Structure formats: C-alpha cells, structure tokens
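Using the hints provided, position chain B relative to the given structure of chain A.
Sequences listed follow chains A and B, in order. 1 is the number of the first residue of the first sequence in full-length UniProt numbering; add one for each residue after it. 1 is the number of the first residue of the second sequence in full-length UniProt numbering; add one for each residue after it.
I should point out that these hints are in silico values taken from the structure, not numbers from a laboratory. Treat the hints with caution; some may be incorrect.
Said to hold, decoys possible - Under the rule of at most 20 Å between Cα atoms (straight-line distance), these lysine to aspartate or glutamate pairs were calculated in the EDC-like manner:
#, chain 1, residue 1, chain 2, residue 2
1, A, K107, B, D16
2, B, K22, A, D8
3, B, K48, A, D58
4, B, K68, A, D80
Claimed, not checked - Anything over 10 Å on all C-beta distances counts as not near chain A; from chain B, calculated:
#, residue
5, M1
6, L6
7, K17
8, E36
9, K68
10, N79
11, Q88
12, E92
13, I97
14, Q103
Bear in mind that the values here come from a model prediction, so they are computed numbers and not experimental data. All C-beta atoms, glycine included, are put in the ideal place defined by N, C-alpha and C.
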Amino acid sequence: MNCIIIDDEATARAIIGQLCSQVSSLNVLEDFPNAMQAIKYLNQNDIDLIFLDIHMPDFTGFDFIDTIKNPPKIILTTSDPNFAIQAFGYDCIVDYLVKPITPERFKKAIDKAEAIKSVVTETKASSQVETSSGNDLYVNIDRRLIKIDIPSIYLVEAKGDYIQVKTDDKNYTVHSTLKKIEDKLPDDLFLKIHRSYIINVDKIIDIEDNSVLIKKDVIPVSRSNRPELMKRLNLL
Amino acid sequence: MEQPNLSYINSMSGGDKAFEQKLIDIIKTEFPEEKEVYFTNVKANNYKLTAENVHKLKHKISILGLEKSYETAVAFENNLLEGSTELQDEFESILTIMTNYLQQL
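Chain A on its own, in the form it takes in the complex (with noise of 0.2 Å):
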C-alpha cells in the first residue's frame, strides 16, 4: 500500500516511518509536517493509506479529511485518545492509534487496513462477476463490507433508515433503504409484498390470505402486490 504520513511533529514521523519500514506491504512515498502540503500531493499522486495525526496547528487531521474528496484508508495518530467517537463517524478512518505507538498495535492497524483493502478490491471484482452469476450482493456494515449470498436471503424489512435483510443462516442490519436493494436483487426471484418487505419467491412455504409464511415469518402481502405475487406463482 503506498502511504504518506502527516504529523507536526518530526519524532513522530521518523516512528512512524521506522515503523512502516518493518512492515514488506507498505511504501511510504512522503511524509509531511501539515496538512495542507499534502493536499497538495494528494491531488497528484495514489494514495492508499494516511497515518494522520489529530493535532495540528491551523488544520486539524479532521479538517484535512473533511477537506479532501475521496479520503483514502485513514489511521489516526494522536496522543489524545479523546477523539475516537468522532473517528467512528468517518468511514474512511480504519483505526485509532494512541502515542506512543508500539509496533504489535501498528501492526494490527496494517492488518485491519489491508483486510478492509482486500474486501474492497473483492468487491470491485465481484461486481463485474455479478452481471453474469449475479449471486453476491456487499452490504457495508460498521465500515465493513460483508458478503451476501443472494439466493440466501429470504426476506428484507424496511427498519426507518435502516434495512434487516434475512439470509439462511444470519440477518444483517444495514443503513440503507428498501428501494436500493430492491434494485440489486433479482426479479425474478424476489418481489415486493408490501411497502416494507421484499420477499424471495422461492422460500415461500404458504400464502394465507393477505399474508405469506416465509421460514418463520409472517408477511403481509399489501393489496396492490397481491396480484403480482399470484401471477409468479406456479398455481396448479
């Protein structure tokens, strides 16, 4: 991963370079003492990875991300450990590194980094794959992309601004809306019921009524659906 490291601070730019250096998978290209000379850089160059420290004068780590489009993989150094619930809010931030940083810490920062790297370049890879096998569907749960089986999922609930999608062996909370996934999801294996439920045709264990039995849950199938949902079945 090529990676740049911005910190005011010259000792903590040589540890961190010390440390990057004892780890094969990372090129550190800069390193710079603000902020704003490595938005510069970044306009310029391909960054996989900043090592990003909090405090500095003038622009803050924060600013800087909230400055630049696209952030790539952010690991946060700083000496205040008071900042990590405002880290969790930025997806881009893979992990929080207090000073002074010991190298099994740093270490677990590059694995979580290279793990969320490697799910992301499977996932552009997959999409390509799904045009033709169209079987995995990645849904982005706490700052993790997390593979999905399609044919598997046998119901998703609209939650407010939250969707539960129900596979065969897990269900997975997503912050995302029932329209998006009606998108990704096969016609013609799933339909919408209902304004709050998308249900895979193929699990249907009975139809009562204005309602479906799919595994253990009771559906209901809205007025207006019902028709659609009669004309997909293989009525005898």
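Only chain B this time, still in chain A's reference frame:
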C-alpha cells in the same frame, strides 16, 4: 523520581541502531524547541497554547519511558484547559529530568 530510559525506542526500532541514533538526534533537536515555546506561552499566561505545548511534549515523555510522568502531563494539560496551573512545578521538573538525560546521550 522516575528516570528516562530507551526501552520504547529499543522496542520499536527493530534493532536498527542507526535509526535509534537518528531518533535520539531528532528528539535532541525538537525537544528544546518545544520546551522553549512552552515557557514562552507559560510566561504569557496563555493556557490554551500552553496546553497544546504540553500535549506535544507528552509524546516525548512517553517515548523516553516516563510512564508516571506522562500521567502528570495529561493531568496538567487538562488543568490548563480548565484554566488552572496546578501541577506546573511537577511538569517542569519532568522537563528538567528529560533535559539532563538527553544531554548525557
């Protein structure tokens, strides 16, 4: 009182002696500069800027293995942010110990 040591530097250098010396040289250059800024801000009674200086200095306190002193620095930084100079003498004693230690290296 707690004494500085090189255990952290040795633990993170991966046995790279050249790096250890390079890091000590950087600290020897940077520490007096940070200390000077600290005393300037103390003299000006600018607690906020002094707290920022303490924040930066405390990293070097931890690098030199001064674990208890680090806690003192954290508490002093918080005091400054609340407008108090309590622990100033203790903090400045730590700076003196570090100065003496770095001069010997």
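Item to check | Given as non-interface: M1 of chain B, partner chain A, CB spacing beyond 10 Å | outcome: holds, 20 Å
Checklist entry - When you check the alpha-carbon spacing of K48 of chain B and D58 of chain A, does it fall within 20 Å? => result It holds: about 14 Å lies between the C-alpha atoms, which stays within 20 Å.
Checklist entry - Beyond 10 Å from chain A, beta-carbon-wise, is Q103 of chain B? => result holds, 17 Å
Checklist entry - For I97 of chain B, is the shortest beta carbon distance to chain A beyond 10 Å? => result holds, 18 Å
Checklist entry - Are all C-beta atoms of chain A more than 10 Å from that of N79 of chain B? => result The claim stands: N79 of chain B keeps its Cβ more than 10 Å from every Cβ of chain A (closest is about 15 Å).
Item to check | Non-interface claim for K17 of chain B versus chain A (Cβ beyond 10 Å) | outcome: holds, 12 Å
Checklist entry - Does K107 of chain A pair with D16 of chain B here, judged by a C-alpha cut-off of 20 Å? => result holds, 18 Å
Item to check | E36 of chain B non-interfacial with respect to chain A [C-beta, more than 10 Å] | outcome: holds, 15 Å
Item to check | Pairwise hint evaluation, D80 of chain A against K68 of chain B, where the allowed Cα distance is 20 Å at most | outcome: holds, 16 Å
Checklist entry - Going by Cβ atoms, does K68 of chain B stay more than 10 Å from chain A at every point? => result holds, 15 Å
Checklist entry - Minimum Cβ separation between E92 of chain B and chain A greater than 10 Å? => result The claim stands: E92 of chain B keeps its Cβ more than 10 Å from every Cβ of chain A (closest is about 19 Å).
Item to check | Minimum Cβ distance from Q88 of chain B to chain A greater than 10 Å, as the annotation requires | outcome: Correct as stated: the minimum Cβ-Cβ distance to chain A is 19 Å, above 10 Å.
The structure is consistent with each of the numbered hints, conforming to all of them.
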